[in-house]
Structures are given as C-alpha cells and as structure tokens.
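J.: Here's the letter readout for the chains.
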Amino acid sequence: NAGVTQTPKFQVLKTGQSMTLQCAQDMNHEYMSWYRQDPGMGLRLIHYSVGAGITDQGEVPNGYNVSRSTTEDFPLRLLSAAPSQTSVYFCASSYVVGDYEQYFGPGTRLTVT
Amino acid sequence: TQLLEQSPQFLSIQEGENLTVYCNSSSVFSSLQWYRQEPGEGPVLLVTVVTGGEVKKLKRLTFQFGDARKDSSLLITAAQPGDTGLYLCAGALVNQGGKLIFGQGTELSVKP
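Protein chains in written order, with the numbering used here: chain A, 1 to 113; chain B, 114 to 225.
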C-alpha cells in the first residue's frame with residue numbers, strides 16, 4: 001500500500017492564481033481531512049469528509065473548496081490564492097471519524113507571492 | 114483562541130535528561146492522541162489514550178490522560194538525540210463528530 005499520497009510536494013503561486021492540491025489514499029478509509037500547518041499554530045483543520053459525497057468545514061475553510069467523488073480521492077482547491085495561504089498542507093485519512101489513528105501524507109509546501 | 118494549549122513550544126536539552134510536555138484544555142475529549150513529526154514529513158501517531166487517568170508506556174515515553182479527560186502529558190526519560198522532532202497532541206472533541214483539535218506543538222532538540 002502507498003498509504004496517503006499528495007502532489008505536488010512544492011508549489012509557488014502568484015496572488016490570484018488558482019490550483020488544486022491532490023490527495024489520494026489506498027486504504028479504503030472513509031474519513032479524509034485537510035490541515036494546514038503554520039509555525040507555532042500546530043495543525044488546523046480546513047475541510048473534512050466522512051465518506052464519498054459528504055464534506056464539511058473545519059476551523060479555517062475560507063478560500064478553500066473540496067469535493068469527494070470517490071473514497072480514494074480528496075482534492076483541495078484554492079480558488080484565488082492569497083499570501084495568507086502560504087503554508088504546509090497535509091492530507092490525512094482514517095478508517096472512520098473518531099478516535100482512530102490518522103495517517104498523514106508527506107505534505108505540500110505552498111508559497112503565494 | 115487555541116482550544117488545546119501545548120507547552121513548552123521549544124525545548125533544548127542534553128542527552129540523558131528527562132522532559133515533560135503538557136497539553137491542557139478546558140474542553141473534554143473523548144480521546145487524545147500524541148504524534149511525532151520529522152522535518153519534511155507528516156505526523157506519525159505515537160499513542161492514543163481514551164480513559165481518564167490512563168497511562169501508556171512506549172519504551173522511554175510515558176503518556177498520561179487526565180482524570181477529567183481535559184489534559185495530557187508526555188514524559189520522556191533519558192532523552193536521546195533520536196528523540197529530536199516535533200511532538201503534537203491532538204484531542205477528539207466530544208459531540209463534534211470526532212474531529213481532532215491539535216496543540217501548537219513542542220519542538221524538541223536533544224543534544225549529544
């Protein structure tokens with residue numbers, strides 16, 4: 001199993017550009033989520049999904065969209081990038097939502113200039 | 114407002130010393146997880162504690178969940194340079210669909 005994969009590893013955007021961060025898992029996990037990690041702030045939940053076709057907002061959803069058309073894939077879309085979205089983004093999955101181990105991808109380091 | 118306060122944020126110690134990391138909240142958690150993160154990688158789960166007062170040991174690491182399930186601690190005894198990394202606590206909020214709330218993280222450096 002590849003676990004949780006994320007692409008790209010690094011990305012530089014100009015303000016106003018849009019892009020999609022890709023996330024895929026091959027463990028048949030129902031629960032998937034996106035976090036951003038900023039220095040001194042830990043990981044903050046952006047959006048999450050408890051199954052295909054079901055998504056919901058986390059702590060910091062503004063400026064981001066998600067969809068979940070399959071169990072495996074959970075892309076994160078930046079609609080109009082802003083410098084405040086410069087961060088490291090992690091995708092995670094777990095068997096079900098709740099008290100279960102979350103498996104994290106390797107992260108995408110995004111810089112918005 | 115940080116729901117889960119983790120302290121200290123930075124810790125630099127010598128090999129062989131003991132250290133404790135704390136996570137505190139006013140919220141009750143159904144469980145609390147501890148993760149370790151290496152540079153350039155995603156966090157990896159170390160342990161999950163579920164029951165108030167629960168203590169779990171993982172080699173030189175001892176994890177404790179508070180009786181009221183609002184706080185947790187991580188004790189590392191006889192720290193080694195290989196323990197260097199970012200330690201994160203994460204609590205699953207009660208009645209919030211199990212969403213995890215992360216602390217700010219503790220950056221640990223163990224010098225030989």
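If you are wondering where the hints come from, they were derived from the structure by calculation, not from laboratory data. Where a beta carbon is used, it is the ideal one built from N, C-alpha and C, also for glycine. Hints may contain errors.
[What the hints assert, rightly or not] Among chain B residues calculated to face chain A with C-beta under 7 Å, some are:
#1 TYR135
#2 PRO152
#3 LEU188
#4 ALA191
#5 PRO194
#6 GLY216
#7 GLN217
#8 GLU220
J.: Quick check on the hint: B:ALA191 CB to chain A CB, less than 7 Å?
T.: 27 Å, violated
J.: At a threshold of 7 Å, is the proposed contact between B:TYR135 and chain A supported by beta-carbon distances?
T.: 14 Å, violated
J.: Given B:PRO194 as an interface hint, is the shortest Cβ-Cβ distance to chain A below 7 Å?
T.: Status violated, d = 23 Å.
J.: Identify whether the interface hint at B:LEU188 stands, where standing means a beta carbon of chain A within less than 7 Å of its own.
T.: With a closest approach of 20 Å, the B:LEU188 hint is violated.
J.: Checking hints one by one. Is B:GLU220 an interface residue toward chain A, by the C-beta closer than 7 Å rule?
T.: 10 Å, violated
J.: Taking 7 Å as the limit, does the beta-carbon of B:PRO152 come near enough to a beta-carbon in chain A?
T.: With a minimum Cβ separation of about 10 Å from chain A (threshold 7 Å), the hint on B:PRO152 is violated.
J.: Per the CB criterion, is B:GLY216 less than 7 Å away from chain A?
T.: This interface hint holds because 5 Å falls under the 7 Å limit.
J.: Identify whether the interface hint at B:GLN217 stands, where standing means a beta carbon of chain A within less than 7 Å of its own.
T.: Hint on B:GLN217: holds, closest Cβ of chain A at ~5 Å, below 7 Å.
Going down the numbered hints, you'll see the structure goes against 1, 2, 3, 4, 5, 8, while the others check out.
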